[in-house]
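K.L.:
Position chain B relative to chain A; hints supplied.
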Amino acid sequence: MSGSAPIGGAPPTAALPRPAFRPRLGSALLSRGLVTTWLSIMVLIPLVALVLKSFEGGLAGFWDAVSAPQALEALQVTVLIALVVTVINCVLGTAIAWVLVRDEFPGKRLINSLIDLPFALPTIVAGITLLALYGNDSPIGVDIAYTSTAVALALLFVTLPFVVRAVQPTLIELDRDMEEAAASLGAGSLTIFRRIVLPNLRPAILAGAALAFARAIGEFGSLILLAGNTQIASIYIFAKIESGDAGGAAAVSVVLLVAAVLILLVIGRFARRGLPV
Amino acid sequence: MSVPPLSRYGLRFGVLFYLSALLIFPVAMIFIRTFEDGFLQSFEAVTSPEGLAALKLTLITVLIAVPANTIFGIGAALVLVRQRFRGKAILNTLIDIPFAISPVVIGLALVLLYGPRDGIVGEWFYDHGIRIIFSTPGIVIACMFVSLPFVVREVVPVLQEIGDEQEQAASTLGANWWQTFWRVTLPAIRWGVTYGVVLSTARVLGEFGAVSVVSGRISGQTETLPLFVRKQFEVFNEGGGYAASMVLAVLALLTLIVMNLINTRKEV
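Line order of the protein sequences matches chains A and B.
When you number the first sequence by this note's numbering, it's gap-free, plus one each residue, and the end is 367.
When you number the second sequence by this note's numbering, it's gap-free, plus one each residue, and the end is 287.
These aren't lab readings, by the way, just hints derived from the structure by calculation.
Heads up, some of the hints might be wrong.
If the Cβ cut is set under 10 Å, some of the chain B residues that face chain A in the computed set are [claimed, not checked]:
#, residue
1, Arg31
2, Leu38
3, Ser67
4, Leu71
5, Leu74
6, Leu78
7, Val81
8, Ile149
9, Ser154
10, Arg222
11, Leu224
12, Tyr261
Don't be surprised by glycine CBs; every beta carbon is placed ideally from N, CA and C.
So that you can see chain A by itself, here it is in the shape it has in the complex:
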C-alpha cells in the first residue's frame, strides 16, 4: 500500500511566520521555474502539439474526424465497457478491501501484496496471461479471446488496485464506535454497512473509481493482442497513426485528453491522500 495514513492532517505551514531556513526568494523562484520549465517541455508542449494537429483542419475538420462512424463507435464502445468495468470495480474493489481489512485468514498478507501485481506487471504481459488461460488454447475450455468480454476482463485486471487501495486506508481508520452504537441499537449488519460504513467510504470509492475509469478508457497494451475486432479508442488511434492519418488520430486523442483532464479535476474534489498514486 502506498502513501502513509494521513495523521493529523497537513502541518500548519501556512500559519507559521516565514522560516529562516527557506531558500531565499531568488532560489525559490529558480526552483519553481525549473520545475515548471521541465514540466512544460515534458508534458505541456507535446500535448499542445497534439491539440494543434487535431485542429489543423479547423473546427469542422476536428468534428469530421471525431464524428466519423468508426471513431464514434470506438469512443462509445470504450466508454461503455469502461463504465461496466468501473461499476464492477466499485462493488468488488470495496468487497476486497473489506475482506483485507476486517477479515482474518491465513495468507491474507500474501493476497494483500498481490493486489499491486497489475501495477507492476507490464500490460502486454497482462494481456498474454489472460489469453493463456481464457484464449483459444484454454486449458479450462473457456474461449473468450477477441470478444468484448475479453476486453472487459483485461480492463478489470489492470484497474484492480485502484478502488482497493483507495478504500483500504479509509476503512482502517474508520471509527468502529459508530458501528457498535448502531449494532447496540439493533441495526443488522447489512443496515450498518449501508447506513454507516458505505457513506464513510463513498469519497474513497469514487476517487478510486475515477482513476480506474481514466485508466480503462486509455488502456492499450493489455488489449492489443486480445481485443480482436472490438473497436477500442486507443486501438483506433493506433491504427490511424499506422495508416498515416495523424490528424484523425489526434482528434480522437484530444477527446480522450479532455476526458482525462475532467477526471483529474473530479478527483481533485475528493481527498487525494491515501490514493495509490
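P.N.:
Quick look at chain B alone, frame taken from chain A:
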C-alpha cells in the same frame, strides 16, 4: 460490526475466487506455458540477438528515465509542498496527466512534436542529424513521460507529514540549504523516494503503448522487451513470447517483493 459467519465466509471465498480467476491463475499460466514447450527451447528467443538487444534497450531506458524522474520528482515535490504560489493547481494537474491519459495519446503527442515529418520541432532536429522518433531518444522520452508522476506523488505526502520543524532547527543551527536538504530532508523522505523509484522502474520496464508509437519497431534496434514479446506472438513464436513474458513477470514479482519490503520499513 459483527458479520454473521456465513456471509463472512461467503465474502472471503468470493473475493479469493475472483482474485484467483482474474490474477493468480492467469499469471501462473505464463510459467506453465514457458515450461510446456521445453524451457531451453522457449528461452532461445530471449537469448537471440534480437531478444538481447531488446533487453539492453529496456535497461538503457530504465537507467536514463528513472534517475531523471527521481531528480525532477524530489524537486517538484519540494516546490509543491514548501512553496505557496499562484498556478499550483495547474502544476498539480499537469503532473497527474500522464496517469490519466492513454499511452497511445502520449506517443502520438511526441510524434507530433519530434517526428521527422509531422513534428513541429522534429524537422529541425532531423536536419541536424538528430533522430528522436523511431530511435532511442524518443523511446526514453516516452518512458519519462509515462512515469513522470510516480516519485512526486510518493514524496508529496511524506513531506507534508514530516512538516518543516526539523528543517527549521537545522537552519537555526547554521546549516545552509544544501546541508539541510542532504542531512535532514532527504533521510526523512528516503522511503517515499525509493517507493516512487520502484514504481517508476516497473512502469518503464513494461511501457508498451507510448513506446509502440514512437519506436517504429525495428527488430534489434528500437524494440524494447514488451515490444519484443508482441512481435513473438505476431510471428507465431508463442514459446518465445511466453519466455520473454516470463522474464518480465519475474521482474514484476521482484518489484512487488521490494514494494512490500519498503512498506514494512515505512511503517516502522
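K.L.:
Verify the interface restraint on tyrosine 261(B): the C-beta must sit less than 10 Å from at least one C-beta of chain A.
P.N.:
7 Å, holds
K.L.:
Using 10 Å as the Cβ threshold, decide whether leucine 74(B) counts as touching chain A.
P.N.:
13 Å, violated
K.L.:
For the hint on leucine 78(B), does the least C-beta distance to chain A fall short of 10 Å?
P.N.:
It is violated, given that the least Cβ distance between leucine 78(B) and chain A is near 14 Å, above 10 Å.
K.L.:
Would you check whether arginine 222(B) satisfies its interface hint, that is, whether its CB is within less than 10 Å of any CB in chain A?
P.N.:
For arginine 222(B), the interface hint holds, since the closest Cβ of chain A sits about 8 Å away, which is under 10 Å.
K.L.:
Let me know if the C-beta of serine 67(B) comes in closer than 10 Å to any C-beta of chain A, holds or violated.
P.N.:
Interface hint status for serine 67(B): violated (18 Å vs cutoff 10 Å).
K.L.:
So, as I understand it, the hint says leucine 224(B) touches chain A; can you test that by seeing if any CB pair is closer than 10 Å?
P.N.:
7 Å, holds
K.L.:
How about arginine 31(B): closest beta carbon in chain A under 10 Å, or not?
P.N.:
5 Å, holds
K.L.:
Quick check on the hint: isoleucine 149(B) CB to chain A CB, less than 10 Å?
P.N.:
16 Å, violated
K.L.:
So, serine 154(B) near chain A? Judge it on the closest CB pair being under 10 Å.
P.N.:
This hint is violated: serine 154(B) lies away from chain A, its Cβ roughly 16 Å from the closest one there, beyond 10 Å.
K.L.:
Classify the hint on leucine 38(B) as holds or violated, based on whether any CB of chain A lies nearer than 10 Å to its CB.
P.N.:
With a minimum Cβ separation of about 7 Å from chain A (threshold 10 Å), the hint on leucine 38(B) holds.
K.L.:
Would the hint on valine 81(B) be counted as holding, given a Cβ-Cβ threshold of 10 Å to chain A?
P.N.:
Valine 81(B) check fails; min Cβ-Cβ to chain A is 12 Å, beyond 10 Å.
K.L.:
Once the shortest beta carbon distance from leucine 71(B) to chain A is found, is it less than 10 Å?
P.N.:
18 Å, violated
When held up to the earlier numbered hints, the structure conflicts with 3, 4, 5, 6, 7, 8 and 9 and fits the remainder.
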